[in-house]
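Asks: Here's the letter readout for the chains.
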Amino acid sequence: MRHLIEPKDLSNAEMLRLIETGQRMVTNPGAYHGVAKGKILASLFFEPSTRTKFSFDSAMLRLGGEIIGFADADTSSAKKGESLADTIRVMSFYSDLIVMRHPKEGAPLLASKYSEVPVINAGDGGHNHPTQTLTDLITISQFKGTLENHCIAFVGDLKYGRTVHSLIKTMATFNSKKFILVSPDELKLPDFLLKFLRENHPEIEIKEAHYLEDVIHEADIVYMTRIQKERFFNEADYIKLKDSFLLDREKMKQAKEDAIVMHPLPRVNEISYDIDEDPRSVYFEQSKLGVYIRMALICKMLEVGDYATR
Amino acid sequence: MRHLIEPKDLSNAEMLRLIETGQRMVTNPGAYHGVAKGKILASLFFEPSTRTKFSFDSAMLRLGGEIIGFADADTSSAKKGESLADTIRVMSFYSDLIVMRHPKEGAPLLASKYSEVPVINAGDGGHNHPTQTLTDLITISQFKGTLENHCIAFVGDLKYGRTVHSLIKTMATFNSKKFILVSPDELKLPDFLLKFLRENHPEIEIKEAHYLEDVIHEADIVYMTRIQKERFFNEADYIKLKDSFLLDREKMKQAKEDAIVMHPLPRVNEISYDIDEDPRSVYFEQSKLGVYIRMALICKMLEVGDYATR
Amino acid sequence: MRHLIEPKDLSNAEMLRLIETGQRMVTNPGAYHGVAKGKILASLFFEPSTRTKFSFDSAMLRLGGEIIGFADADTSSAKKGESLADTIRVMSFYSDLIVMRHPKEGAPLLASKYSEVPVINAGDGGHNHPTQTLTDLITISQFKGTLENHCIAFVGDLKYGRTVHSLIKTMATFNSKKFILVSPDELKLPDFLLKFLRENHPEIEIKEAHYLEDVIHEADIVYMTRIQKERFFNEADYIKLKDSFLLDREKMKQAKEDAIVMHPLPRVNEISYDIDEDPRSVYFEQSKLGVYIRMALICKMLEVGDYATR
Chain P
87 MRHLIEPKDL SNAEMLRLIE TGQRMVTNPG AYHGVAKGKI LASLFFEPST RTKFSFDSAM
147 LRLGGEIIGF ADADTSSAKK GESLADTIRV MSFYSDLIVM RHPKEGAPLL ASKYSEVPVI
207 NAGDGGHNHP TQTLTDLITI SQFKGTLENH CIAFVGDLKY GRTVHSLIKT MATFNSKKFI
267 LVSPDELKLP DFLLKFLREN HPEIEIKEAH YLEDVIHEAD IVYMTRIQKE RFFNEADYIK
327 LKDSFLLDRE KMKQAKEDAI VMHPLPRVNE ISYDIDEDPR SVYFEQSKLG VYIRMALICK
387 MLEVGDYATR
Chain R
87 MRHLIEPKDL SNAEMLRLIE TGQRMVTNPG AYHGVAKGKI LASLFFEPST RTKFSFDSAM
147 LRLGGEIIGF ADADTSSAKK GESLADTIRV MSFYSDLIVM RHPKEGAPLL ASKYSEVPVI
207 NAGDGGHNHP TQTLTDLITI SQFKGTLENH CIAFVGDLKY GRTVHSLIKT MATFNSKKFI
267 LVSPDELKLP DFLLKFLREN HPEIEIKEAH YLEDVIHEAD IVYMTRIQKE RFFNEADYIK
327 LKDSFLLDRE KMKQAKEDAI VMHPLPRVNE ISYDIDEDPR SVYFEQSKLG VYIRMALICK
387 MLEVGDYATR
Chain V
87 MRHLIEPKDL SNAEMLRLIE TGQRMVTNPG AYHGVAKGKI LASLFFEPST RTKFSFDSAM
147 LRLGGEIIGF ADADTSSAKK GESLADTIRV MSFYSDLIVM RHPKEGAPLL ASKYSEVPVI
207 NAGDGGHNHP TQTLTDLITI SQFKGTLENH CIAFVGDLKY GRTVHSLIKT MATFNSKKFI
267 LVSPDELKLP DFLLKFLREN HPEIEIKEAH YLEDVIHEAD IVYMTRIQKE RFFNEADYIK
327 LKDSFLLDRE KMKQAKEDAI VMHPLPRVNE ISYDIDEDPR SVYFEQSKLG VYIRMALICK
387 MLEVGDYATR
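Residue numbers (the working numbering), protein chains in the order written: chain P, 87 to 396; chain R, 87 to 396; chain V, 87 to 396.
Note that these hints are calculated values from the structure, not bench results.
Any copy will do: because identical chains look the same in the list, a pair fits if it lies in one copy or spans two.
Keeping only pairs whose Cα atoms sit at most 16 Å apart, straight-line, the calculated EDC-like set for lysine to aspartate or glutamate is:
hint	residue 1	residue 2
1	K315	E168
2	K199	D362
3	K199	E363
4	K374	E202
5	K230	E343
6	K263	D306
7	K230	E371
8	K293	D271
9	K293	D277
As the structure is a prediction and not an experimental result, all values here were calculated from the model.
Assemble the whole structure, with the sequences as input and the hints as a guide.
Replies: Laid out in structure tokens, this is it:
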């Protein structure tokens, strides 16, 4: 039985096949309705998340499956002092697949040891969020034609942003050309990750920058993230820097004609609404593709549809 | 693409066709199971409402469709500071139809500008609640045979009650004979609405009254509403008046043999339990008909069943 | 129309038929998919309960039915002051079957008077929880081959534990050989129940004990329950006694080779994790069987599948 706890639980070949399946589903969604008929997804959100939860729910329903679960821990037995191991074990009797988000790092890994059905990590603390990475990959593939050979600017909170860490590590294995790391000093990419890149992927050029306007013209992909005010050491720094991390019409003028702008959403202030209609802004399409890649993943985990073993 | 934000988004002809479809569904519910197969309703309740939510959920499931969504805003991304526009836009990628209730007036209208799928307003603050109006219409049609030529007493809180405002404006367009407005001074129908009626529908007789017992004998339809204690300026007024707005067995003795008593529910104190079994009390049937008219509406918005375009 | 409010609403013959149907579903779950197609279960949890709720949800979905409802009272109309009678009456218009848990004893009985569809009590305060009893029965039947002639040790909180009271009364009617009641003085079986057993079932041997280690060797079935610290009069008593009610590897050495250990779950401290893999520990299987017996019960209440009347 396979689980998906972190991106590297999938080989690159498996990721490419998921993307391919997801893209087939974009083209012909009707062909997949019914492939998960009779299957139940337990959607266990110990921490709320509209987007990820409904993206999975929608994916399962479009495949003809059903859903049980909760949107926050308050309605779960955890309140009665039950261990996570017991909760998961029992939920696995009621379902064919578990998707879980949990505020504690490592909770999905623990869960996978006790579950009788496959477990998909839908985010554990600041740790892993592999289906966001898959969503990012299918988006890059869809809009740039390939995952390889891109110059990618990662912008904003590179210190705490789990989606950025996962994506950087994964894209490094797909022959990326250059990574531009744009962040204030307080929110720089952690040293261990920089070191990891330099040791394992010396062929990738790495550039650090403080101002998006200085580097945006180089990027094939601009990957924006939320900057939370609380992350700054003082208000003055925040006010000084925040505009530099706001993507607006002015900065878009300097971006490449065929660049794409991505964002895991929800956004707060970091992308100006006036570039929503710019064809290079693909963050909404990214969100939409998230359903299709999750449909593909569910098929893989349940071994149905393109992944049926018989 | 059509949205339903306020009752007048529908022409009278469209309302009559919805009622007709709803009535066919009452007679033969099985014939409609499956017409919404493969479709997903996003049921977004930013403010709780048992009755409206479950009425829609039940309607969608009886048509063979599926549901995603939330029953209160706490589990939604709004908490992370996301704009309503973004939340709706993304939810519209996950679904084929959005039903939303929101505490802020105008929120569903805003939502309709960003959604990629039709939006139905299930109540926005004290503003509009068009599917309650449709429920009222199908009930009148079912029990009185026609929407036209009735004397209707509206009783209780006529100032803040949104369902009453919508119903008055709509029934005015269906050749009503007489409106009797029964309320304490503090809760009278707003002047702008009175003025609207007098200017646009001078043919309708309008009568104001303080005591239900004085006028109940004239009414073909008695439309009751909740009176909230907090609406009164002082406790003494409330105590003095509340009995006058309580519908009980004594008052029912003076009502017409073929009158009907309606209430949008939930009731608190305004209808005595001892008239629940009176055949003229149709508020529970009204609640039941609410599912059928919503089934008809969902078919219209999704263009399936009787509304299929092919 | 039948309701299930307390275990004795079912005759022994009906219970045995439910167990038989449940066991057929264990063997051949696929055969039952679709029998509840087009039916809606209203799952009304006025008090949260992960396990019972999801067990019912999963049962209904596996039969091909659909679910509406809430996981806690906060999102229900009860907040607006609506009576339980009205809430239930309206929910019964939206569904074909109601499953409800409520903190107040007697609430499901009241509900059954107003519902237009069958009501199943999923737990009311410290009162009744008939589907837990059915779950216990199918587990005993599955692992011991018969419900008759067993020596059963009930361990822990015998005073407040509703599941224990229901099970004792029910097993008394299935020719039990011996009941061993193991509890601290503060949590002894209530006198009225002891008296009931002695008067109505004098053939059953009853033994009371303070220490599980003294009696475990006699039991065919060890039925564990949660002991809540707050139930004790003082901390010293709790510390002194709690180990005696902890089932661990040491005590299991004295248990019969073919004994089974049951627990309604969730457990907190009363069963050591190191006996989870002991083949005599069947509490997880018990939890799993709870879905099948509920599938059988839903079929009975809806008169579908093996209980179809045509």
